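Colleague: Chain Y is fixed; fit chain Z onto it per the hints.
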Amino acid sequence: MQMNLHLMTPEFVMLGTAFLLLILELFLYKGSRMVTGVIGIIGTCIAGYTLIGAETGKAVGGLFLQDTVSIFFKWLFLVITVLILYLVMMYEDKIKNWRGEFYALILFSISGMMFLSSITDFIGFYVSLEFVAVCLYVLAAFTNDNPLTVEAGLKYLVTGALASGFLVYGISFIYGASGATGFVEVAHSLKSVDGNGFLIIGITLLVIGLTFKISSIPFHVWAPDVYQGAPTPVTALLAAASKSAGFIVIMRILFTGLIGVKAEWIILVSIISGASLLFGNLAAMPQKDIKRLIAYAGIGSAGYLLMAVAAASALGAGAIMFYLLTYVFSILGSFIAIVAFNNAEGSDLIESYAGLSRRSPLLAATLFIGLLSIAGIPPLGGFIAKFYIIAAAVKEGLWALAVIGVVMAVVAMYYFLLVVKSMYLRPPKNTEPIKVDITTRALLYFINAVTIFLGLYPGPITDWVMDIAKVLF
Amino acid sequence: MLLTYLPILIMIGVASAMAIGALVMSFIFQPRNPYASKNSPWECGMEPVGDANEGHVRIHFFIIAMLFVIFDVETLFLFPWAVLLTEKSLSTFIFVEMIIFIVVLAIGLVYAWVKGALEWV
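Chains as they are written, first to last, in the working numbering: chain Y, 1 to 473; chain Z, 474 to 594.
The reader is advised that the hints may include incorrect statements.
Said to hold, decoys possible - So these bits of chain Y aren't anywhere near chain Z, every CB distance computed over 10 Å:
hint	residue
1	Leu26
2	Ala54
3	Arg426
Claimed, not checked - What follows is a set of in silico ranges between Cβ atoms, one per label pair, in the way DEER data are often shown:
hint	chain 1	residue 1	chain 2	residue 2	range
4	Y	Gly16	Z	Val542	42 to 50 Å
5	Z	Leu591	Y	Ala161	25 to 33 Å
6	Y	Gly16	Z	Thr559	28 to 36 Å
7	Z	Leu557	Y	Leu28	36 to 44 Å
8	Z	Ile483	Y	Tyr169	20 to 28 Å
9	Y	Pro460	Z	Ile532	39 to 47 Å
10	Y	Ile23	Z	Phe535	43 to 51 Å
11	Y	Val406	Z	Ile483	50 to 58 Å
12	Y	Lys435	Z	Val542	45 to 53 Å
13	Z	Leu557	Y	Lys262	41 to 49 Å
Rather than coming from a laboratory, the hints here were simulated on the basis of the structure. As the structure is a computational prediction, the values presented were derived from the model and not from experiment. Built from N, CA and C at the ideal position, the CB exists for glycine as well.
This is chain Z alone, in the form it adopts within the complex:
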């Protein structure tokens, strides 16, 4: 009975071997040439200012980040939807469906706005 699951076990083994192998190979063969600007943290091409431990991020940033994720996912949904919208058989249905989806998210935005989640006090 358990033998039917053997291919999965082999697959896990092969996947692990690939991942570990890639790390080990690059560790062995990589050229090591560190210098100051190569070791500095890279952030959108900006010059890093100060130490990462210094500036404290407000907990409020968490709510803004959550809202960003929600609307980011909404945008992500909109792209495949826009591509499919040209198909005649689907168009009315998926149009209405997406409108409902956006309205639900808009209600969420209004809610967060009125509750003061967007105010940076």
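Bound conformation, chain Y alone:
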């Protein structure tokens, strides 16, 4: 058995940093909690350094696969980690009963997601997924002095447990049909077995269980309440990292393991995708709270990404990766702006954003660019991503889905432009300017530049992403 543990160095660095923070928090003084965040960011950067030029291959006897796709997703997770740890440092004064485990739990959940991007086996998949989920359950209910947060945590836990049940039951049916747990072995043994009843039950349960992580229909009910109630950095973690982790897993299972029986799941994924697109975008329109709005828009985004999954092609997989790249930058930029605004104003309501352009042009511009990129307006990154997803769907003949996608992109513009209208056209109630410190400013300029760059000159990145996506098939 080949161990090749050096392939897992980035994960080990992240886990080591998390343990270090856990211990450090016990012995540091209460006033010095900023230090833990800085050490977390340094640890993440070291993990990134070990990922530079990482070699590809299999570790632990083939249970862990490092390929170009997993390296792409690991970079994505590390960027998310740095931005989220920064977000926590901005936010931590809000948490009354502060405990240092907050940083450690974020790092633990991210290292679990990094393992998820490399799994090749249903058992490893389930263990990594639960590792991530348990950390997120605790994080979602972290500020337990707020009844809204407690409700959020409880809802997340109960729906999560139900979804895990679906997953395990589905996995056991697939094991029953194929006699294997490794994705490649399942694909191999399904060649000789024609699609029987057990396999269809297994695939249905598995796909439904997987929709929990990506917050699409039918496991979307937790998203609005949890996004609103959880501490904002955790909301950002759920929106950016948890969704990306869900999609790399979906791509690995459906594209690598079950591509031979794609006729069985394409119709199911298409239905889920269409329903999520319709529900997410239409339900987002009447929302008053910006975090709830982003939650419903997130259900819509999951619908777009599932559309590319239903395309089941290398173009679709590349489109998913590019969409997640733009989505992560747009959404984290927006969340940094939301936290900065909340620190000054103490409110997440859309109407309180009135006149933000006069109070802080940078925050208004960041939300403008971030939200419109998610809505998919050229020349921002989100437009190119949606374009590739719809192109992938059309190429595989999913016309109905493509039409729903285009119509819903217009609907998305409506509700995001309501926020923009509030920021730019309404007079501010309170004209006092909002101070944004220099690091946050630099970070926001950088994120906005990336979002615009991905829209104006996507060529090299899309070529690269489309190229590495071929590994999945």
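Modeller: Relative to chain Y, chain Z alone:
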């Protein structure tokens, strides 16, 4: 299609029949001879003191019990590990692996200790 799963069904039937049969047979053939000390709860050879409903166990006992389970499982892992350690081809790897495992658990112990989980107030 479903017929391929018939052996499992038969197996479930046979297993249930064995379990139920053993209970029923012993119920029919057992000698019944109850007396006071035979009916008393047995606890590690100690004389039972009072009624089980009386003493209240603190909820804190739960945390201690959890910690006990964790370190008990650690010991359980150590036995097969110690047996395999003599094999030359595996020894370095599994040694390092077990050290990592123990360090992770030790961090957990330090964490629980500093947080005051071991104090019986």
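Colleague: Give a verdict on every hint.
Modeller: Taking the hints in turn, this is what the structure says about them:
Taking the minimum C-beta to C-beta distance to chain Z, about 4 Å, the non-interface status of Leu26 (chain Y) is violated against the 10 Å cut. No beta-carbon of chain Z is positioned within 10 Å of the beta-carbon of Ala54 (chain Y); the least distance is around 21 Å. No beta-carbon of chain Z is positioned within 10 Å of the beta-carbon of Arg426 (chain Y); the least distance is around 48 Å. Separation of Gly16 (chain Y) from Val542 (chain Z) is about 26 Å and departs from the stated range, judged on CB atoms against 42 to 50 Å.
In this structure the supplied range 25 to 33 Å holds for Leu591 (chain Z) paired with Ala161 (chain Y), their Cβ-Cβ distance being about 30 Å. At roughly 30 Å, the beta-carbon separation of Gly16 (chain Y) and Thr559 (chain Z) lies within the given 28 to 36 Å, and the hint holds. Separated by about 40 Å at the C-beta atoms, Leu557 (chain Z) and Leu28 (chain Y) satisfy the suggested range of 36 to 44 Å. Checked against the given bound of 20 to 28 Å, the beta carbons of Ile483 (chain Z) and Tyr169 (chain Y), roughly 23 Å apart, stay inside it.
Range check, Pro460 (chain Y) to Ile532 (chain Z): about 59 Å between beta-carbon atoms, so the 39 to 47 Å window is missed. A C-beta distance of roughly 24 Å is found between Ile23 (chain Y) and Phe535 (chain Z), which places it outside the suggested range of 43 to 51 Å. At roughly 56 Å, the beta carbons of Val406 (chain Y) and Ile483 (chain Z) sit within the given window of 50 to 58 Å. The beta-carbon spacing between Lys435 (chain Y) and Val542 (chain Z), approximately 51 Å, falls within the hinted interval of 45 to 53 Å.
Taking 41 to 49 Å as the suggested C-beta distance range, the pair Leu557 (chain Z) and Lys262 (chain Y) conforms, at roughly 43 Å.
Checked against the numbered hints above, the structure violates hints 1, 4, 9, 10; every other hint is satisfied.
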